[in-house]
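Protein chains in written order, with full-length UniProt numbering: chain P, 1 to 80; chain H, 1 to 341.
Treat the hints as calculated values from the structure; they're not laboratory data. Here the structure is a predicted model, which is why all the values come from computation and not from measurement. One should not assume that every hint holds.
EDC-like cross-link-like pairs, simulated, lysine to aspartate or glutamate; straight-line CA separation at most 20 angstroms [stated by the list, open to error]: (1) H:Lys281 / P:Glu18; (2) P:Lys64 / H:Glu230; (3) P:Lys67 / P:Glu5; (4) P:Lys53 / P:Asp35; (5) H:Lys244 / P:Asp60; (6) P:Lys4 / P:Asp39; (7) H:Lys281 / P:Glu52; (8) H:Lys278 / P:Glu17.
Just some of the chain H residues that point at chain P, by a computed CB distance under 7 angstroms [as the list claims (entries may be wrong)]: (9) Trp188; (10) Pro232; (11) Arg236; (12) Trp240; (13) Arg271; (14) Gln312.
Glycine included, every Cβ here is placed at the ideal spot set by N, Cα and C.
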Amino acid sequence: MANKEEILEGLAEIVNEETGVETADVQLDKSFTEDLDIDSISMMTIVVNAEEKFGVTIPDEEVKNLKTVGDAVNFIENAS
Amino acid sequence: MTTLKQSAPQQYSRILGYGASRPDLSVTNDDIAGPINSSDEWIRQRTGIVTRQRASENISVADMAIEAAQDALKASHVTGEDIDTVIISTISHPYATPSLATIVADSIGSRCAAYDISAACAGFCYGIAQADALVRSGVARNVLVVGVEKLSDFIDNTERTISFLLGDGAGAAVVGASAEPGIAPTVWGSDGSRWDTVGMTHSMLEIRNRDFVENPVQEGEKIWPTLRQEGPSVFRWAVWEMSKVAQKALEEAGITADELGALIPHQANERIIDQMVKTLKLPDTVKVGRDIVDAGNTSAASVPLAAHRLLQENPDLSGRFALQIGFGAGLAFAAQVVVLP
Chain P
1 MANKEEILEG LAEIVNEETG VETADVQLDK SFTEDLDIDS ISMMTIVVNA EEKFGVTIPD
61 EEVKNLKTVG DAVNFIENAS
Chain H
1 MTTLKQSAPQ QYSRILGYGA SRPDLSVTND DIAGPINSSD EWIRQRTGIV TRQRASENIS
61 VADMAIEAAQ DALKASHVTG EDIDTVIIST ISHPYATPSL ATIVADSIGS RCAAYDISAA
121 CAGFCYGIAQ ADALVRSGVA RNVLVVGVEK LSDFIDNTER TISFLLGDGA GAAVVGASAE
181 PGIAPTVWGS DGSRWDTVGM THSMLEIRNR DFVENPVQEG EKIWPTLRQE GPSVFRWAVW
241 EMSKVAQKAL EEAGITADEL GALIPHQANE RIIDQMVKTL KLPDTVKVGR DIVDAGNTSA
301 ASVPLAAHRL LQENPDLSGR FALQIGFGAG LAFAAQVVVL P
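All chains should be built: construct the whole structure from the sequences, respecting the hints.
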């Protein structure tokens with residue numbers, strides 16, 4: 001089971017691959033839409049790649065609750 | 001006791017030719033961006049659409065369906081007399097009955113079997129599946145399949161989930177008997193548990209039953225049924241679930257992705273197409289239908305329009321394998337590998 005730090009690192013790589021945002025900019029307090037300028041379609045791609053990487057399920061209705069990188073890290077940590 | 005006669009089956013079927021009807025108006029992103037508080041850049045970045053084709057008020061779904069049908073007959077070297085079934089997929093023929101297919105059959109001088117199907121963006125591929133079955137079972141000799149939409153009649157210019165994607169047009173194909181296999185098994189299905197994900201804002205009965213005295217129409221309120229969708233949810237289903245369907249269609253056809261000449265996906269959003277190409281790991285040698293860039297999303301018409309254009313731009317694709325896949329409201333989907341005419 002991955003810890004918070006490993007999840008953040010893995011998530012940052014996924015965000016970087018999809019959007020080109022620097023991995024160093026993917027911080028727990030950053031908002032996906034406001035700070036990282038990630039649109040809803042890219043967010044879905046990130047979610048699907050995160051499911052595959054961390055072996056978790058993130059339902060569609062949960063995605064809208066993942067406002068910040070920290071929200072996503074916490075969800076993945078609790079789901080894995 | 002006399003033995004009953006049954007129709008004599010044919011071994012194989014194929015698509016004999018495609019036809020198209022592209023309407024008269026080219027609507028730019030700037031033309032529609034104002035009411036949705038958007039911009040050309042925003043729309044291009046999220047959808048890949050630069051312009052969408054739409055029909056003037058005086059052009060009907062029947063006009064476009066007839067033009068595409070006649071074009072397909074010509075490309076297939078057949079006449080109306082050779083057609084014994086007409087199948088039309090549409091969600092924008094403004095009559096629940098009679099069907100649009102009977103008008104089209106009449107226009108090609110035929111009194112053959114004619115009916116409409118409702119499978120939205122999967123409809124053309126559903127029609128090809130039916131045509132293949134009708135021809136190989138011996139029920140029909142030549143089947144005309146048309147996907148046609150005038151979606152501009154069912155949009156809300158202030159709606160931000162789907163209206164700005166949509167265009168009008170018609171695409172058609174004739175399916176007939178063949179000496180060689182030309183249409184591989186169709187992988188098709190639906191997920192009615194997600195019926196609400198893409199569809200219309202109102203049922204006809206909701207409008208009929210409203211008490212307009214008690215509940216008058218408010219300024220800006222729309223009482224005409226228009227299309228809407230849950231975009232991110234549909235995107236996720238369209239890419240990852242439909243890539244599995246596409247893969248299954250390749251397996252059913254007994255071929256691998258690198259043997260494809262073309263991928264002709266429903267033209268829903270260019271980012272769905274891009275991600276599907278990536279997920280399927282398609283080699284660069286496979287041509288990909290990208291009609292959406294200047295046609296928009298034309299639902300049932302999008303697959304045959306994209307196929308027609310790919311063949312016009314790449315005549316060397318004739319005789320090659322193409323994977324056609326349609327997916328949308330329902331959530332209905334269908335995919336099949338065909339030999340391009």
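Results of checking the hints against the structure:
For the proposed pair H:Lys281 and P:Glu18, the alpha carbon gap of about 16 angstroms is at most 20 angstroms, so the pair holds. For a cut-off of 20 angstroms, the pair hint linking P:Lys64 to H:Glu230 stands: about 12 angstroms separates their Cα positions. In summary, the hint linking P:Lys67 to P:Glu5 is supported, as the alpha carbons are separated by about 19 angstroms, within the 20 angstroms threshold. Proposed proximity of P:Lys53 and P:Asp35 is contradicted: the alpha carbons are some 24 angstroms apart, above 20 angstroms.
Of the supplied pair hints, the one linking H:Lys244 and P:Asp60 holds, its CA atoms being roughly 19 angstroms apart against a limit of 20 angstroms. Among the hinted pairs, P:Lys4 with P:Asp39 is inconsistent with the structure: their alpha-carbon atoms are about 24 angstroms apart, more than 20 angstroms. With a C-alpha separation of about 17 angstroms, the suggested pair H:Lys281 and P:Glu52 falls inside the 20 angstroms cut-off, and the hint holds. A hinted pair counts as satisfied when its Cα atoms are at most 20 angstroms apart, and H:Lys278 with P:Glu17 qualifies at roughly 13 angstroms.
The restraint placing H:Trp188 at the interface with chain P is violated, with a minimum CB-CB distance near 23 angstroms, outside the 7 angstroms limit. Checking H:Pro232 against chain P: minimum C-beta separation of about 4 angstroms stays under 7 angstroms; hint holds. For the restraint placing H:Arg236 at the interface with chain P, the shortest Cβ-Cβ distance is roughly 5 angstroms, inside the 7 angstroms limit, so the hint holds. Look at H:Trp240: its Cβ gets to within about 6 angstroms of chain P, closer than 7 angstroms, so that hint holds up.
Interface hint status for H:Arg271: upheld, as the beta-carbon distance to the closest one in chain P is roughly 5 angstroms, under 7 angstroms. The closest approach between the C-beta of H:Gln312 and any C-beta of chain P is roughly 30 angstroms, which is over the 7 angstroms cut-off, so the hint fails.
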